[in-house]
Structure formats: C-alpha cells, structure tokens
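Student: As they're listed, the protein sequences go chains W and P. Counting with our numbering, you get residues 34 to 488 for the letters of the first sequence. Counting with our numbering, you get residues 34 to 488 for the letters of the second sequence.
Errors might be hidden in some of the hints.
Copies of the same chain are indistinguishable here, so a pair counts whether it falls within one copy or spans any two.
[As the list claims (entries may be wrong)] With a cut-off of at most 25 Å between alpha-carbon atoms, the simulated SDA-like pairs for lysine to any residue come out as follows: (1) Lys-106 with Arg-450; (2) Lys-322 with Asp-387; (3) Lys-413 with Glu-285; (4) Lys-210 with Glu-131; (5) Lys-383 with Thr-280; (6) Lys-413 with Gly-448; (7) Lys-226 with Gln-208.
By construction, these hints were calculated from the structure, which means they are not laboratory data.
Protein chains: 2
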Amino acid sequence: MDSQKNITLIGAGLVGSLLSQYLAKRGHKVSIFEKRSDMRKAGYVGGRSINLALSHRGFNGLRAMGLEEEIRKVGIPMYGRVIHQINGDVQYQAYGKEDEAIYSVSRGGLNKRLMELADENPNISIQFDERCFDVDVQNAICHFENMQTKEHTTVKSDVVLSADGAFSAARLALQTKTDRFEYSQHYLDQGYKELTIPAGPNGEFLLEKNALHIWPRNQYMLIALPNLDGSFTCTLFFPFEGNPSFTSLQTEAQVREFLTREFPNVVALSPEVVSEYMANPNGSLVTVKCFPWVHKDKLGLMGDASHAIVPFFGQGMNAGFEDCFEFGNLMDKHGDNWEALLAEFQDIRKINADAIADMAVENFIEMRDKVADQKFLLRKKIEAKLNKHFPENYVSKYSLVSFSTKPYRYALEMGFRQDALFEKVLAIQGIENNWDSDETFAKLEVLLKEFQFLN
Amino acid sequence: MDSQKNITLIGAGLVGSLLSQYLAKRGHKVSIFEKRSDMRKAGYVGGRSINLALSHRGFNGLRAMGLEEEIRKVGIPMYGRVIHQINGDVQYQAYGKEDEAIYSVSRGGLNKRLMELADENPNISIQFDERCFDVDVQNAICHFENMQTKEHTTVKSDVVLSADGAFSAARLALQTKTDRFEYSQHYLDQGYKELTIPAGPNGEFLLEKNALHIWPRNQYMLIALPNLDGSFTCTLFFPFEGNPSFTSLQTEAQVREFLTREFPNVVALSPEVVSEYMANPNGSLVTVKCFPWVHKDKLGLMGDASHAIVPFFGQGMNAGFEDCFEFGNLMDKHGDNWEALLAEFQDIRKINADAIADMAVENFIEMRDKVADQKFLLRKKIEAKLNKHFPENYVSKYSLVSFSTKPYRYALEMGFRQDALFEKVLAIQGIENNWDSDETFAKLEVLLKEFQFLN
C-alpha cells in the first residue's frame, strides 16, 4: 500500500470532481477548493456551455469509477449529424457504426452528480467560494480568498493538482514565477452565443432527438444538441467583427432579419430566439498550450488548466476525463514516486493534448463549411464502406477521436494519411456515381495498399 | 498646443527613459515609476547584458532628442564580424559599407545618461523602488508597492505607458483581465552566460577593437563586444540540456576542458574565465508576442513589454528606440486624440515587431552556424558587390535591419527574395572562382531582373 498523500485539488469542475474519485480510490486524502458557490444550492451559474458531447474517452474515464452506465442513462445518444441547408434541405450523416453515438449530457447535471459522489467519500472534502489567487509551486502551498468573507487561507499539502480551467491560477503561477515556461493563449476571430429551441407543447422534441444538428453557413454556423426536457440548446458560432458579425448586428430588427434569412426553421420553432440573442452574452474561444505541466513531485495541471481547446470536436471534457483515467493508471504504476508519476503523465499527455487542440480548430472548418459539401458527403460514404470491409485497417479520424481510446496524436497522423488517400480517391473518374461498384472497390484496395492501410 | 496629459510611465529602463523625453518635449507631465533602485547610486544590478549593439534605428531615436552625437562618442564602432574558427583561423566580414558600423555601448552607462536627462527635465519625475503589481487598464490606474517600505500607492493618470520589459505588469493585466488577449512567450532551448576577456596590462584591447567577435561552433557560439576600458564582454550561447550543455558541464575541470578545446584563444586571454563560468548565472532567451498593445486612450505597451525578442540581431533596444521615435511622430500627427494615436502606433509597430522577432531567432542560426560556411562568405562578397553597383536596388537584409529605417517587415520580405535569388546565384557553375568576373556580373544582372531587383 502506497503512503497516503494530502492533496490539494483546485477546482470542482468536471475534471476536478472526477479526478478526486481516482485519488480517493487509491487512499489519498483530497481537499478540493472551488471558486464558485455550490451549484447544487446556488443553481448553475453560466459562462460555459449548457450541454456537452460525451464520447468514448469520457465514458472510459467514468467507467473506471463505476459511473458509465449511470451517466449513459441520463445522456441522449446522437448517432449522427443532421445538416440543415439554407434552402430547407436536410441530410443525415452517421458518425460511425450503427451503435456508435456521442451523448448529449447536461454539464450542470453531470458536475453535480460528480460533486455528490465526492461528498459521499470520507477521503474527499469540497470547500466552495474559495478562489485560489496564488500558488507556491516549489512548496505545494496554495493561497485562497473566500469570495464571501474575503478571508485568506494558506494551505500546505504534499501535492497540488490544479483542475481550475482555462484561466488556471496554478498555471499563472508557473508562468509568472518560474523560468522558461512555454505559454500561449490564442483566440479565434469567432465567438459563440447560446440560444434555445424549446420543447413542443407536450414536451416533445421539435427536431430529430438523436442527432447533433448543424446549420453550416461557411463563415459561421449554428449547432443544436438535445436536452432531456425536449428542448435543444443551440450555439451560434459567429465572427466578432465584419459583416455579418456580433458587431454588425445591433438592433432586434437586424438580428431578426439575419436569423430568419439564415436559420428559418430555427426562428419558426423558437419564438424567443431574437430576444435571447439580445440578452445572452458572447463567449470567446481560446486555445491554451503550455509546458511544463508539472513541477517535480509538487504540482500537476489537469484538463483545461494545461490544455484548453475549442469545442469543435466535442473533446474538451473527454480529454480531461482521459487525463484522469491515465493519471489513475500511472498512480498504479508509480506508487509513491510522485515525481515519476507526474513526469510520465506530462510526457504521455502533452503530445496528445497538442494534437486534439489542433484537430479541434481544424474541425471548425469542417463543420461550418465542408460538412455541406458534396465531396465531403461522398468521402463519408466511402469511409463508412472501407471501415465496414476493413474494420481493423481503416478507421476514420472522426471515429478514432470519438469512438476509440487510441492516442489523439495517432488520430491526427492517421488523419493526414487519410486526407492524402482521399485526394486520390476523389480524383477517380466517375467516383460520384460509381463509388459503390465492384470496379471502384478494386481501385480502392490498390490505393489502400499504396497508402499502407493494407499490406 | 495640445492639452497636457498626466502620464504614468512604468519602467525607467532604456526605452522608458528615452520615451519620457519624447513625452516631455511635447509638454506632457511624466511620472516614471521604476522597480529597481537608482542605478546611479546603487550601482548597476545585472540580469541583463552589460553591453549592447546600437545601430541606425537606435541612433535615429536618440537623434530626435539631440543625443546622437553624445552617445556615439561613448560607443565603440564595430565595422564587421571577426570569425574565430576552432583551428585558429580568423576571417573578417564587413557589416556594410566602409563607414557603416554598429556601436558597442554600455547598457548601464546609456541608461544612467537617459535618467540624468529625465531628472533635469521639470516635466519628468522618477520614483525608484516602486514595483507595479497591478494596472486597472480601463481607468488608467496603477498600483505600486515600494520595495523598501512595502507601502502601496495608487496612481490615477490620463494615460499609462508601460515600458517595463519582457515581464511587464501592465501586459499581465491585459492578459488576466481582458478578453481575447493574444499572448505567447516562447523560450529557446539555449541560454546564455556572460564571461570577460580583460584588457591588457596597459589597458589595451587584446582582440581587434572595432569588431564584433564570433566563435561559431554550430550548436552553440561565443560572441564578444568591446568595452571602453579595453575589456570585452563575452556571451556564451549554449544549450540548457544535452551534451555539451549547461547541464552536462558541472565541474571546473569539465568547464576548463570544454572552453580550452572550443575557444582556446579566449582561455589564453582570460585567466579567470573558468571561475567566471562557475560563478555567473545562466540567462534564458524569450520571445514575447501579444495583441493588442493598447487599450483605448488609456494604455500603451512599449519596447520589450509588447515585443521582447532574442538578441541575435542586436535589435531589442533599437526596436524600442524606434517605438519612441514613431510614437513621437504620431503625437505630432494626432495631437489630443490619444485613442487614434495609440491605435495607429499599434497598427504600424505590431507587424514590424513580429518581423524582427522572427528575424532575430533566424539570425541565431546564421551566427552560430552559417557564418563560418564558405557559401555564406561568398554570398556576403557578392552582396557587397551588388550593393556597390546598385545601391538603391540591392541592399542586404542585414543592412536594411541595421543601417536603415526601412520597416522591419520590408527587410523580412526582401530577405526572402534575396534568399531565393541566391539559391540561383550560388548554383552558377564555377561561381566560387568567377564571382568577380564580368561574365558572372552579366549573369547576376539577368537574375536581378528575374527577381525584380532591377527593372
């Protein structure tokens, strides 16, 4: 049995709350400090998305704590994308095989459940309203300010784990107090705004329930994910500047004209959408990369604190839960040697975090633009066929990211090879009409060998 | 006459001290707050390089304040590079035309002189030992802590200008308190250590006085700049990790063996060099990029605060002094409209700061590696000839950066075109021997036209 550590865990968000389970299960004593008030009493305070897409890596992280089935039950499986063209045409693209789905889950609901589990565990305590404003990374000392009383508390522990999000206090301490800290924060020129499609009069879903809906419009897009109450939470991804943009649309009349023209079925289903647009804030979309993530045996950053990414692959939470899962495995491997544990955690996770960060930015272009393209649709169909015939040899990048635990870096590299393959596949004469023929299949096999998907 | 502004200027370093002159000259009231003690009383405290290369842009910034001639007199002109090969061979490369030189100046001496001028000016005050720990960028309010008394002072002014270096407090406020702030800090894998070649017994220079000395060794290098007292300040640029590196050389014996093997003439001239190596700290080399640099009419970042660069083009101070010069011009242009002034300052300087940042990193490779290459030497000779014949049409990137006030961005772009040209020039059969022939000159003219250097 490894010796018990006193661990200060900053942040009771999704990643922090789950991580506390992993730590407590191995006998460590975990004190969580959360800046916000207890959302179970105070109600969920926004600033982040209302629902999230939970996929294979996220479930894998929950499974090790015995939570997979419970959470799956309160999620809504989305088996594919429904594409809403501006002319009203609707297409469906399956995400993977028949039983493969990503799940729309409530951020608040999932977070509350993970907090309840933490509360039930005698090795875990949560203190709310405690804002970390400084960390002494050399000595694992954290300084907190109580948001209500303004009182300061200093906490020394054996290890500090920081899951305090994209604006992490511990990361800021690394940036400002250690030498040679690599750091970048980069924002997209586009932001987002949440809108709602309400449930029908009898609580029914007014769009296909088991899908992620996309209204791709090249330079911007709207998406919608289902909620348990029959509503959909929509997110408009939209430029901050230019025309049209958050800046150019100022009056209700301008907003109504724009939404009606671009997203007519949404306006028809959602009588409040214009006033929602006027009332709701614009969010920004940041990618954070940094290095190192750890300091000796004293400090480790987790989740968004070390690798905040944009939401276009639906992988922010999933990557964070995978952090927890890998951290659990490494605790088993390294036992009392926390310096080795933290170092290997950084070693295996950094390269994969960078990969999903880049894929997430890239997927924005796919979603807002390519997804409506005939060539893209054709590629999806051919990819599904290749995967069916060669399930071990051809798995699309999307599936590797969303339906496997293969490293993100592997998915990124396979994606490059798949793009190169499809440059040639889509150049085959008449592929639009003959893609499903035996003759074409023979050609595809040759290309699969050429690009080393087959031996 | 434009209305007088009360300006808080953070930092009395090279850029801050010079900028105060520009501001006071236009009638503004400037309060400088400097974190360090007064170096004129306390002596210069290290952490930065002892001497610097002042070139055309820097002199241009000093000239507008009537300081060019005074500073030129206390600088040592360096007309070219002396390359010290490992086998003892020495080559000389002129930097530009006969009268073109960069000047080795004492950082401390120059900074003290600029502080004296600030003290003499009734519109400028300097307060030392005042560390800025927070800035309210919306309201131009700065918070200082006195380093001696620990007392806090809050200063509200019309405008805050922040010239507080690579770890700027005002920039940190922009990063942590405003949305969508673009920020990156990137460190090279190499660091630096300062060493000394002392003056000879009669105060004489033991190496050629009027040159910048380089010992290029591919993966690392030593450089030396002359000081007025006959000594040279050397800087070893060296990897932090690997073999050899700051980490691999641990004992005096290892250091002596390494320095004697790689830099034999330096060890011969400098009996204390091994103990200096052991005693002196290792510095790190950061590039900082950020955006925006300004906030409405309230805040502007200057010099390293917005664009810290690595020293390999000798342009850090020069770029900062050019900031001052351009800021002066824009004060004349915009008068009371500080929002327009700050916006245009950012607009014209950001693109050029990015360009010199990238050229500075690139020049590291040139200095430590290519400079000793025969093809590089040949290119330098041909470039000098082209410049002599076509002084308006062919000016090398090095000369554009060091001996002109053409925008850095222009120099960067010309550099790309010049590299493309020399790909072809150096591929001319027999160019090594015939580069100065009439026949080759005719070929060069054809290529100059092809690459649009000539019409």
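Student: Each hint: holds or not?
Tutor: We went through each hint and held it up to the structure:
1. In this homomeric assembly, Lys-106 and Arg-450 never come within 25 Å of each other (Cα to Cα): the closest approach is 37 Å inside a single copy and 62 Å across copies.
2. Taking the closest pair of Cα atoms, Lys-322 and Asp-387 come within 25 Å of each other both inside a single copy (7 Å) and across two copies (20 Å).
3. In the homo-oligomer, the alpha carbons of Lys-413 and Glu-285 never lie at most 25 Å apart, since the shortest distance is 39 Å inside one protomer and 64 Å across protomers.
4. Proximity of Lys-210 and Glu-131 under a CA criterion of 25 Å is satisfied in neither setting, with 51 Å inside one chain copy and 47 Å between copies.
5. Only between protomers do Lys-383 and Thr-280 lie at most 25 Å apart by alpha-carbon distance; the minimum there is 24 Å, versus 36 Å within a single protomer.
6. For the identical chains of this complex, Lys-413 and Gly-448 are intra-copy neighbours only, at 13 Å inside a copy versus 44 Å across copies, given an alpha-carbon limit of 25 Å.
7. In the homo-oligomer, the alpha carbons of Lys-226 and Gln-208 lie at most 25 Å apart only across protomers (23 Å), although the nearest pairing inside one protomer, at 30 Å, exceeds that limit.
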